[in-house]
Every structure is written in C-alpha cells, then in structure tokens.
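J.: Sequence:
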Amino acid sequence: MSDSEDSFRFSDDDDEILAAASRTQATPRTYTPATQPARVTPKPPSTATTDSTAASIYQAQGEASVLRAQLEQLQRQSLEERKQLIAQKQEATASLETQIAALKRAVTSLEDEKTFLNEALRQPRTTIAVPVNNQTPPTSTTVTKKRKLEDSSRVDAGYLTAVKRASEAGLVVDYLWTCGIEDTHNSRTCIDYLSKITVDEPISVDSFELKPHQSVAHCLTQWFMAHHHLRLDNFIAKLVKMLVSMCAILNERERPLAIPFLLTLVHRALTFRPLAVSKQLIRELVVQFSAAVRHRLGYISATSNHIDFVNFIGIPRHLLVLQKLILVVYGDLLETTVSLAAGHGADCVSEVWNAEILDPDVFRALPGIKERMADVGQINLVFNFISMLEASVTDTTFAYNNDGNEELVSSLFNLLVMEVGIRPQMRFHGLNRTVGNNHDFAMIDAMIPRDIDQNHQPLMVNPFPAAPVDETIDPQAQLAHETHLLTLKLRIAAVIDAYINEHESTDILGRDDTPKENFKRLIRAIDHEQLAIATYPRSPLVDLHLQIIGRLMATTYAITELTPDLSTLMFPQTVYELLVVFARVAFAQGGLTKSAEEIVVKLRAKGYQGPIFNSQVETRARNAFASDADAASSGYHYPNGVEFAYDADTIDIARSVLNKFASHDEADTLYECMHADG
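Going by the UniProt record's numbering, the letters in the sequence shown line up with residues 1 to 678, in that order.
These are calculated hints, taken from the structure and not from any lab test.
The model shown is predicted, which means the values in this text are computed figures rather than measured ones.
Here a beta-carbon is modelled for each residue, glycine too, at the ideal position from N, C-alpha and C.
Possibly wrong hints are sitting among the right ones.
What the hints assert, rightly or not - Per label pair, the in silico range of CB-to-CB distance:
#1 S109 / S207: 23 to 33 Å
#2 L490 / D451: 37 to 47 Å
#3 E201 / H295: 21 to 31 Å
#4 K114 / G343: 19 to 29 Å
#5 D347 / T98: 27 to 37 Å
Can you build the whole structure from these sequences, using the hints too?
T.: This is the structure we're talking about:
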C-alpha cells in the first residue's frame, strides 16, 4: 500500500473514530498468503467528506453568528450616534434660532431708537412739567381767570413734546406726537390741531373719556399714560378701536372737526409696525372703513355744477371741504388695512375680499363707462382701489374671485384710456401718497387757527369759517395732476401684469367678447402714450410715458404668448392698430446721427442745460455721474423720447410681437411706409 493510502487510513483525524469502532464491534482478522499483498477494505470516502463538510458548515455558521453579532452591535452604535447627532442638531438649531430672535430684537430696538433719535433731532424738546418761574413768585394767592387760561395753554403746549418711553408702546406714542397729515406746505402735527379742539358734550369710549372744555390732545395724553405699559400689538389694537369708535360718535353728533386728525393717528398706528396688526383687527377695520367710504361717496358729486348739489344746500362750503377730506382719509385707511391683509398670506386676503367684509359698493368710484366717470371719478379714491386690487393678487386670489370681478376688470382697462379730472374742493394728498395737488388743505388749516384768542374762546368745537381757495387750475397744478394720473396708470399696468405672471393666465381679460374689447383698450393705451411723447417730446413727464409703454408692451407680449389662437384675442382692425403701435417701437431710431451725437457730447461736457434738452429727464440722467464730463464721455442712453426713445428690452419685445403677425417682407414694407416722408 502506498504512503498516501497509509496516511489516509491512519491519519490523526481518524484515530478516534477507529478506536470507537473497535470497542463496539470485533473486527475478524484476515490471513492472506505471503505471495499476495493483504487487502484492506478502506472506509468509504463519502463519510469523511460529509463529516468534514458538516464541520466546515458548523464553523461557517459560527463565524456568521459572530459577524451578525458584530453587525448588530455596529447598527446599535450607529443608531445611538444618529440619535446623538439629531439631538445635537436640534440643540444647535434651537440655539441659532434663539440667537437670531435676539438679533432681530436688537435690530428692532436699534431701529426704534434711531427713529426716536431722528425725531428728537427734528423737533426741540421741552419737559412736560409745570413751568417753573425763575422770577419772584407773586405774593397773592388769587389767580385770575386770564392767568388760569394762560397756564392751561402752557400745559397744552407741553403735550406736544415727544417723551421717550422704555417700551415699544412708548415709541408709538412718540411717533404719533410728531406725525401729521402729509402736507408739503404745512408743518403742523395732528396733536397741534387736536390741542385746540374740544367737545360740547362728554364722550366715553371704553376707558377713554373726552370731557368738555378739555382739549382732545389732553385727554389722549391721559389715555396714553394709562396704557403705555401694554404689549405693542395690544396697545395698537386698543388705541385704533378706541379712536375709530370715537370718530363714529363725533360723526353722529355732527362734530367732524377732529375726525380727520384722529383718523390720521389711526393710520400712523397701523403703519408703525404692520406685523403687530392682527388678522381679526384687519377684518373689523375693513368692515368699518368700507361702510364709512360707501356712506360718503355722495360728497364726490357735491359741486355747484352737478345735479346732486341740491342734496347739500344749506351746508357751508368749508364744512363740505372738511367732509371731503374725511372721505379721502377713510379711503386711504381702507387701502392700508386691505394691503396689510396681504402680509398675512393668501388665506387672509380671501377672508378680507368677501362681500360681507369688504362692501362691493365702495367700488362705485371706479368707472364703468365714460359718463359714469364724470359722476363718481376722484383720483384719490381710484388710486386707493387700484392699490387694493394690486394687494389682492396672489397665485390663488384676485379681488372677489368670482363673477363680481368682471366690472372691476373692465374698470381697469377703461382707466388706461380715460382721463380722471381734477375734483374741485377735493385736492388733497391724503395719507398714503404726496403726489398730485394739495391746494384745498389751506382751507382745513384756516378752520383751526394757530393762535386762538384765549380770553374769549381757548378751545373750539366747530370749525372757523374759512375763505375758499382759488379753484383756478394753473399750469403747475395741471402738471401735478398729470403726474398723479400717469402714476395711477403705471400702477394699473402693474396690476394687470402681476395677475398674468402670478396666474399664468389671461383670464383677467374676461370672457366672451370682453377679451377683445379689453385687448383693444390695451393697444390704444400704448398708442395714447406714444402720441403724448410725440406731441410734447420735452415734457417733464416723458419718462413716465415711457415706463407705461414698456409695462403695457410687456403685458401684451405675455398675453400673446399665453393665447394659442390669436384670432380669439382681437378684432380685425385691432391687428392693424397693433402693427402700427409696435412698429413705432421696433423701427424706432436707435440714437442720434454721428455728427449730432458729437455736438451733444460737447454740450454735455460743458454742462449746457439749454432748451434742446428735456431739463427734468436730463437732470435725472446726469445725476448718475460725478460730473458732466463723465456723463458725456460715458455716453448717454437714458430714454428721453427723442435721442433714445425706448430701452433695448422694449424694442426686443416689440420685434417679437411683430414676428407673430407679419413676415419679414411685410415688416420691410411697413417700415418703408412709415418712413416714406422722412
């Protein structure tokens, strides 16, 4: 037998198996002849292989168990580490949020401090206290009636001082003490007016008491001192509700003198910190302000040349002017509160734009037809309502979100081609803007004289009769009104453009044949602005005309992009009008000729400001450079209606729209026809 077989049969691994087999069973001895090798029957190899495989499997299972245990341990460790990291992240996030909140509070505090310091620099400070007389005091203890009135006057003057408070409510009080109705020709504050007004019967609203022979400013001071400890949002809510209720009572008692100044304080309180105005307060104020505007719309037509004037016979002219100012102020307040709703999200906007909250009748001041504009059009109120519509535009909302929008949308497009005239006795800036005319405020100022005869009437209940102001429309007043009107049209174009961009839809054009009518008005509005530039190329308002044209052309381009079938968008004659209007822009002269440009550069380098330039536009363009030489060397590309009529983006839009309606040959023919005489 070979050595390999011996090693196989008598390997160390099989010794124990053979020993066990010999003990359990006797193996017979076999004798063989000497000439033949002994035959030994080996153990079948399958038994050893099976046992070896079983051992290997067992060993592998053990290793697998060990690995599985190690894996589970690693998983537990990673899970614990993950939990620790999440906890650390949350802790770090909370810490950062706390730091951010602290920084925001610090920034807010610094801003409030800055506001206070600015107000402190603007006005001289006096101390609210009983005046100290440095002279020898009088020996007599009897105080005459005249001396009492003088001392009362000194104390009321002290109320006009802004006193610094530690709380935010105190900062609001400081702000209210220095604010007034926006008037470029008048520096009197609301508290200055209210310090000369009183009532003939006591008024009690919540915790506020207005007593006869005490100025409204004095009573407000006492209320401020009693409530300055409140949190800012609670202070504003309590103050606003109290003032609005008091104005309603004064209106019922026909004592309107203090109303516009109290409403101005309401406006300033609401705009001091818009986020401090709650949704509930916004809803309540919208209901009250919309009702107030609706009840006063009749004052718009209360002029001597209108049939409704018969309803106001017997009312003095100065009282009519006062009531019209109150209407304008209520309109500004309604715009402000509706705009504040946009800061609370689309849900709040939808809640406010509800017929039960925002009365649809207030929009009667928007024109439906041209004749109606003559009856109810007043530019301040129209501006209020357009701004309200702009604030209502979100990705899911616009105005009332129902069929009631049809009339509002029609009014928007009508206003693009209509003129809103100057209303006599209603020329006020209002609270939200200082654009336009403010001539009639002089009558309001004259109703409450700065110096009242203290010996006879230290405080007043009714306004003094004021002489009417000159109602002649001079060129300066007409220019201010045109600026107001063009700013309004630019805002209307922004509303239409915002709706199309937010909703990615042309639904604002209306349904049935309404889209064609509104699109026609859009094209004609562009034509109207172009003709205004061509007629008065040196007008100071030419840049406003250009802005309106650019915005309306961008809106037209967006509408054509969103409309698959352009035949449903316009009448056949509108296509021709569109080609003419857009060709004026697409084929506009890109600038001056070479020789003319050289002359203009020399004039600008020398600082020339002659009539060949549009002085207002030229001044705005040169302000971008340090000197006239820099402006001349850097080139001049500011649109002014003559040298560079339109910016590059507007020209590109015009050419893109033309490509939808005319081929290259047709465009060349149109260009030749337009420049045939030039």
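J.: Tell me, in ascending order, the numbers of any earlier hints that this structure violates.
T.: Hint check: nothing fails, all pass.
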